[in-house]
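S.K.: Heads up: the sequence lines are chains A and B, in that order.
Under this note's numbering, the first residue of the first sequence is numbered 1, with each subsequent residue one higher.
Under this note's numbering, the first residue of the second sequence is numbered 1, with each subsequent residue one higher.
Quick caveat, the hints were computed from the structure, so don't treat them as lab data.
There's no promise every hint is true.
When chains are identical, the list treats them as one kind, so a pair holds in a single copy or across two.
[Stated by the list, open to error] No farther apart than 20 Å at their CA atoms in a straight line, the calculated lysine to any residue pairs in the SDA-like style are these:
no., residue 1, residue 2
1, K114, L241
2, K114, E245
3, K267, T284
4, K60, D17
5, K183, Q106
6, K122, D17
7, K40, V90
8, K89, E73
9, K242, F102
10, K326, P144
Just so you know, these numbers come straight off a predicted model, no measurement behind them.
Number of protein chains: 2
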Amino acid sequence: MAEPQLPEKMRAVVIKDEFQIEVQTVPVPTIQEDTDAIIKVFRAGLCGSDLHFYRGHQPKPYNFIIGHEAIGEVVRCGSAMSKFKIGDKVIAAFSTSCGDCFYCKQGHTSRCAKGLVFGGPKISGAQAAYLKVPLADTTCFHVPDGIPLDVMTLMADVLPTSWMVAANARRLAYEYRDEQDKKGGVCVVIGCGPVGLCAITCALTMFEKVFATDLSPQRLKMASTHGATALPMEQLEAEVLKATENRGADAVLEVVGVPAALQSAVKLIRPFGIVSSCGLHTHTVDLPGATLYGKNVRFQFGRCSVNTYFEPALKVLQDNIELFSKFVENTVSVEEAPKYYDLFHKGEVGKTAFSFDHDN
Amino acid sequence: MAEPQLPEKMRAVVIKDEFQIEVQTVPVPTIQEDTDAIIKVFRAGLCGSDLHFYRGHQPKPYNFIIGHEAIGEVVRCGSAMSKFKIGDKVIAAFSTSCGDCFYCKQGHTSRCAKGLVFGGPKISGAQAAYLKVPLADTTCFHVPDGIPLDVMTLMADVLPTSWMVAANARRLAYEYRDEQDKKGGVCVVIGCGPVGLCAITCALTMFEKVFATDLSPQRLKMASTHGATALPMEQLEAEVLKATENRGADAVLEVVGVPAALQSAVKLIRPFGIVSSCGLHTHTVDLPGATLYGKNVRFQFGRCSVNTYFEPALKVLQDNIELFSKFVENTVSVEEAPKYYDLFHKGEVGKTAFSFDHDN
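Next comes chain A alone, as it looks inside the complex (with noise of 0.2 Å):
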């Protein structure tokens, strides 16, 4: 296919400081290495970890392009490319990596040494019309047919991290039995922001049962929807307990990245039950050294490795489409992202996606 005429400027979101979402015009990037890619994008998701910024809980100063999530078409490709051509369907995973690295080769893609998050201060972000994809070839997916675009936004982070997190836990918490592809044990997954209802459908797949729970009602009723037990914190533990023969749970899904939901797994989970933690830590963490030691407590921290997570997590979102066909609450134009971040940052609105108007 033929190299489409781009614009020269585009439209996008730029955070000038915590609180202060513009939408502004920008130009659009072109190629610098010969592994980038320029991609058209048609979606951008609004996720969690905008949050962060918007907060202004990650270092200042701002003033760059955010978000992470792009699905779109590539319109420019770097002359080493090989997997992708002018034309073809892509996702971006949420940080770029080089496939070939220390980390890389062990399948830990979240940190390549080349690897960098998009919509940061080193990186423009996913929520502008037109997306610079560095390292491309080992950064984007193949779009499946069949998957509405704001649906598909979940597999540029959510969907792959939600998995992550789940698959964890169920893999350290059975290693010493000979019990890896059964389904079993109990689970807890504390958040039901959209990671954490991903989670719930992805640890459904893992353990027998999963409980959830969230200072929210409305994201508590979510989280059954989607098949949790959902209770809230103050009866939590008790039927916790309950279900595991006093014991507590096998595993505690931890992602919303504050002290108190790490502080809480830590006291929901059994000995030698395994934290899995996707949440995006700013702060410090004080746990009580005494309860880490006493229940042989595990841990594992930290971002999505999107290429490793990618198949299984794509499955479970074709396994439950219909779930998940309700599961982005609102898709909206670019040019009312100030409103909806301001509405994402007060709970009032669930999973949102940006369009771009590609006509003009």
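Dock chain B against the given chain A, drawing on the hints supplied.
M.R.: Below, chain B alone, put in the same frame as chain A:
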């Protein structure tokens, strides 16, 4: 063998309060449950974790026989015992286990549903001329020929714990790679007391390079003898980075049980590295949330399941018998316990074992 006559009274080390150790004359224990054994103690080790009581870091009141490292001879068997008979030379794991509960079946004997650690308010300790061992069939091990008694005391806690802390690190550091049996990677041991020194020896069978650090220059010297590259903390980070192409350590073994040691571990670890901790933590631990997320840190905390690690730890002991023969620095009469608790607390003596006068 016929049941030998037992005295009615014995000498035992009683902890009365912090920094208050008394050697008292107390009744010899008797069989209470049909799974109990009574062993005549030949040697009882003084362990770093005894100091948690001594220093007042454990819940009070105290007033019990302390100690959890005993080697001796079976002198009474409960009627339900089948694995041991009177006259057998045995060593007891530092905590009891049933072999049959949820945890024991997974090899997590340190969190046995019926398990207790010797030398606490619930079961009398090992620093006594006679010891009652509950659940004796699954808590005791036969003593192999050819290992001196003093050295064998290491098998109650120190060496299995050291093997565990290293093996957990090795297993988790390589779980994604097909290199489980290949020696490789860079490991750091924080703390060079008895467990730290043994952990160095264990880690050297698994990792390509082992660094070690401690506040005490004398302990650093010992760490060198065990084969580590021993450095004070202020030189360590730069050398670890040099040895790992600037990544950081693949694994850090934290054997101290103080928050600063864990904080150093988190600082030294590479992304997706594993912090393996056997330190008995008693305080709140403040950890930097951004680093936990930013490095995808993994932790395994807690107490050793001796039954699971006894065999490989014994092999390390047998393979390094000369090194370990010098390891127990002092074997002294139990009557000297108050003095040696004080010296051990001040770091003025190394691993110490108590002997008992069974002729009186």
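S.K.: Would you mind marking each hint as holding or not holding in the structure?
M.R.: For each hint, the structure was consulted:
1. K114 - L241: between (44 Å within a copy, 18 Å between copies)
2. K114 - E245: between (47 Å within a copy, 14 Å between copies)
3. K267 - T284: This pair counts as both: shortest intra-copy Cα distance 18 Å, inter-copy 14 Å.
4. K60 - D17: within (8 Å within a copy, 52 Å between copies)
5. K183 - Q106: Classified as between: cross-chain Cα gap 16 Å, same-chain 26 Å, threshold 20 Å.
6. K122 - D17: within (16 Å within a copy, 58 Å between copies)
7. K40 - V90: within (10 Å within a copy, 73 Å between copies)
8. K89 - E73: Classified as within: same-chain Cα gap 4 Å, cross-chain 74 Å, threshold 20 Å.
9. K242 - F102: between (44 Å within a copy, 16 Å between copies)
10. K326 - P144: within (19 Å within a copy, 66 Å between copies)
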